[in-house]
Amino acid sequence: KAGVTQTPRYLIKTRGQQVTLSCSPISGHRSVSWYQQTPGQGLQFLFEYFSETQRNKGNFPGRFSGRQFSNSRSEMNVSTLELGDSALYLCASSLDSGYLIPTEAFFGQGTRLTVV
Amino acid sequence: GENVEQHPSTLSVQEGDSAVIKCTYSDSASNYFPWYKQELGKGPQLIIDIRSNVGEKKDQRIAVTLNKTAKHFSLHITETQPEDSAVYFCAASLFAGGTSYGKLTFGQGTILTVHP
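The listed protein sequences derive, respectively, from chains Y and Z.
Numbering-wise, the working numbering comes out as the position in the first sequence, counting from 1, plus 11.
Numbering-wise, the working numbering comes out as the position in the second sequence, counting from 1, plus 155.
Be a bit skeptical, because a hint or two may be false.
[Unchecked claim] Chain Z side only, calculated, beta carbon under 7 Å to chain Y, not exhaustive:
1) Tyr-187
2) Lys-197
3) Arg-206
4) Gly-210
5) Tyr-256
6) Lys-258
7) Phe-261
I should point out that these hints are in silico values taken from the structure, not numbers from a laboratory.
Glycine is no exception: its CB is placed at the ideal position from the N, C-alpha and C atoms.
Make a model of the complete structure from these sequences and hints.
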């Protein structure tokens, strides 16, 4: 079974630009979460999608947005990039049985975004 | 919201020794506690997890213990090997629907170095 796939692996953008990152979850997984990882703040939750609906959102400005498609693939978008947005962006997928039973979250390798 | 503290931030051991990493959490309602291993250039890999109705779980050389009263949980690695060298993260989550969907709150990480 293929794991979580994130594309691209690396990106370099200029301040003020916008960027779109893509995540393909493990086959059969319907929940997709996004995290930002930086040396200073660690791993921070951005948002979670299930069946094309955002169910949860972390404490990030509105410049950070996402969506999920009917095949569970997800994209996140960051508009008006700032230098502080440089980070490793990680996507995680989980089965989410819908019975409020904890299910494992599996991470992709991430997209390394550098804003210059 | 949930807050997770992880100690130590760095841990150096000799091959064959045991390693212990400890985490405390703030939200007594949290009911799911996974541990992740992250190697350089890769995303976090789930190595073991524990649910709040269990006090201990083992998987070969790895074990996790949970003390709900004290709100802390620990990762134990026995017979360490050089390939165990990585950054380890603990996390806490509440599986109860609503605003808890998909959100893992991570500790700051422990850099484990196993010397041959």
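Status of the hints after comparison with the structure:
The beta carbon of Tyr-187 (chain Z) is positioned within 7 Å of a beta carbon in chain Y (closest approach about 4 Å), and the interface hint is therefore held. For Lys-197 (chain Z), the shortest C-beta to C-beta distance to chain Y is roughly 6 Å, which falls under 7 Å, so the interface hint holds. A hinted interface residue such as Arg-206 (chain Z) counts as satisfied when its beta carbon comes closer than 7 Å to some beta carbon of chain Y; here the least separation is about 6 Å, so the hint holds. For Gly-210 (chain Z), the suggested interface contact is broken, since its CB lies about 16 Å from the closest CB of chain Y, more than 7 Å.
Annotation: Tyr-256 (chain Z) was flagged as interfacial toward chain Y, and the flag holds, the nearest CB pair being 4 Å apart, inside 7 Å. A hinted interface residue such as Lys-258 (chain Z) counts as satisfied when its beta carbon comes closer than 7 Å to some beta carbon of chain Y; here the least separation is about 5 Å, so the hint holds. The interface hint given for Phe-261 (chain Z) is met, as the beta carbon of that residue sits about 4 Å from the closest beta carbon of chain Y, less than 7 Å.
Checked against the numbered hints given earlier, this structure breaks only hint 4.
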